[in-house]
Amino acid sequence: MPTTNQTDFSGQPDARGHFGRFGGMFVSETLMGPLRELREAYDRFIVDDTFKAELEADLRDYVGRPSSLYFARQLSQRCGGARIYLKREDLNHTGAHKINNTIGQALLAKRMGKTRIIAETGAGQHGVATATVAARLGLECVVYMGSVDIVRQEANVYRMRMLGAKVVAVESGSKTLKDALNEAMRDWVTNIDNTFYIIGTVAGPHPYPVMVREFQSVIGREARRQILQQAGQLPDALVACVGGGSNAIGLFHPFLDDTSVAMYGVEAAGEGLETGRHAAPLCAGTPGVLHGNRTYLMQDENGQIIETHSISAGLDYPGVGPEHAWLKESGRANYVSVTDQEALDAFHELTRCEGIIPALESSHALAYATRLAAEMNPDQVVLVNLSGRGDKDMHTVAGLDGIKI
Amino acid sequence: MSRISQRFEQLAAHNKTALIPFITAGDPDPEVTVPLMHAMVAAGGSIIELGVPFSDPMADGPVIQRANERALKHNTSLRDVIGMVHRFRERDRDTPVVLMGYLNPIEALGYERFAEMAGAAGVDGVITVDIPPEEADDYLAALRAQRIDPIFLLAPTSDEQRIKRICDAAAGFVYYVSVKGTTGSARLAIGEVASKVFHIRKSTGLPVGVGFGIKDPESAQAVAQVADAVIVGSVLVNQIESLADQPDAIAPALSRSISQMRAAMDLI
Ligand SMILES: Cc1ncc(COP(=O)(O)O)c(C=O)c1O
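Here the protein sequences line up with chains G and U, keeping their order. Just so you know, this note's numbering puts 423 at position 278 of the first sequence, and the rest follows in order with no gaps. Just so you know, this note's numbering puts 1200 at position 205 of the second sequence, and the rest follows in order with no gaps.
When the alpha-carbon atoms are kept at most 27 Å apart in a straight line, the in silico DSSO-like pairs for lysine-lysine are as follows: (1) U:1175 to U:1197; (2) U:1175 to U:1210; (3) G:311 to G:255; (4) U:1159 to U:1197; (5) U:1159 to U:1191; (6) U:1191 to U:1011; (7) U:1197 to U:1011; (8) U:1011 to U:1210; (9) U:1068 to G:320; (10) U:1175 to G:311; (11) U:1175 to G:255; (12) U:1175 to G:320.
Restraint ranges, calculated between C-beta atoms of paired labels, are given here: (13) G:377 to U:1132: 47 to 57 Å; (14) U:1142 to G:181: 29 to 39 Å; (15) U:1189 to G:446: 37 to 47 Å; (16) G:486 to U:1251: 54 to 64 Å; (17) U:1132 to G:182: 21 to 31 Å.
Bear in mind the hints are in silico, worked out from the structure with no lab data behind them. We put the CB at the ideal spot given by N, CA and C, even for glycine.
One chain only, chain G, in its complex shape:
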């Protein structure tokens, strides 16, 4: 078992991708060579000045970074406690944080001479962000999506197709995000010579969790600078929703060594943790191995992965990035959960009091943040990652109100 220095929070993972006892590379032999090739390319280009300059220019001119940090005055007043700031990833091109990562990985794919891009998607945000960069770089693009999610996120399916991507419906297992990931892995193992697999979150085998973290950390680096400028202090707490965990790690990572900053990752409690119908592996799961890494999972006593439930397709995943598993065990971050109903209430509240329609995923973070802020003082600051906008969720929310759009 690899030993880790428990206080070196930002120094993870080790050379083989272990965050404490989590992470690693648990894949079939066929993928070990391609993963090494990816790791070498990533290590080389992430410190390459031309690559960095190109990434930075794309994030600025194409994505629209830096995304703003917005003081939510009305929302803060309603809570009557800490001041709430929103990191506006919803303002990015394509409407979520997902594009920070797809831009980075696609540039890497180009450098590696790959001509074909594949991705898995749940809410469709990562699929759209992948199809978008593929269109721009002239790469063939195939997106795997569970057939259940295809129904929930119809508009995003249409967007991907418009962008020139082929969307493949996955009918196996629970027909959601985890099965889309399985299918993308199967495609990759079959087409490794010309194909780059863009994983959409900080899960998967090493080096994906580090690589995606690096591309998403732009969120936390900007937010740290912005909050010091605007509030004149570090935040007392960070709050982000956790599906696979990429927007949360992106926000958390640059603050890990600021030990005064508390961190809250918010999982989907679905219909309630006690009902078993949820997607909260860190709050209610156990460690195991899935999708190439060791992490917390939702599984039965025989090690079979069980079906998850969340109103938001982007959180409907039975695993979680291995770094979160480690941050949980080391005590650096706290993991909590929010039900479908609480997220919906937060969705409506932000929409009505700030004129910002959040994604249902991000609404989970908002729901917890308002609860937390209410118990704090006005001289304290809560910084929430507003990971995406709610346009894609109109269909779901209208449906709950009995309206067909």
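Following the hints, complete the assembly by docking chain U with the ligand onto the known chain G.
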């Protein structure tokens, strides 16, 4: 000497190649499995490879995915599969049995507990698709303590260094995955397989088995000319699927396929 090594020695003494049929335990229902194992031995199977059902069989193509789903409809667990081997051993003490599956069900049981139970039931080897030797220290220790052979996969993408490392960790035999892809996916290119197997033999004295893409007596025969074992799965599982609603017809159908392959392999 392990039952697997013994079997390879016996076969070699008769100039024969091993034929290793694969089925998923519990497919299409748990009652079928043990009698089917005996039938496959009678038809010429040298070693039985038993798939352990998993909810997320990432390395498998649609045929074996569906077999996993059928078996999981009956909640066939790793404990159940070990129980099947135990029952198989009541009538057959000679034919090696190898379990093939994914790591998470083994993690859930615990490596040591798994190895103890499997060893006691008469399991001879274990292939875990998603554990490379780099992650396998504790796993290997647990299997070795119970004299169970850890069998590892080699792939077209394995370079010389990895081939060495994997062969050093393995026992019983090594399993060369003949195509880049999932189970049941593509046709194998026998020329490439031959040169890769030749290469692997430089790193190990262990028998080399070849699987993925063997579909009929012809391909079984071609592979038998270059390898020590021919592993055949998806064609058999396909037959099980098409006979799922008449379970009595499964054993005769698979026996026919296996004996045809055995006959073709024995011609060389
Ligand atoms: C807006 C938004 N937020 C959050 C997530 C969850 O992913 P992660 O936990 O990797 O940030 C998604 C996933 O689709 C998303 O679309």
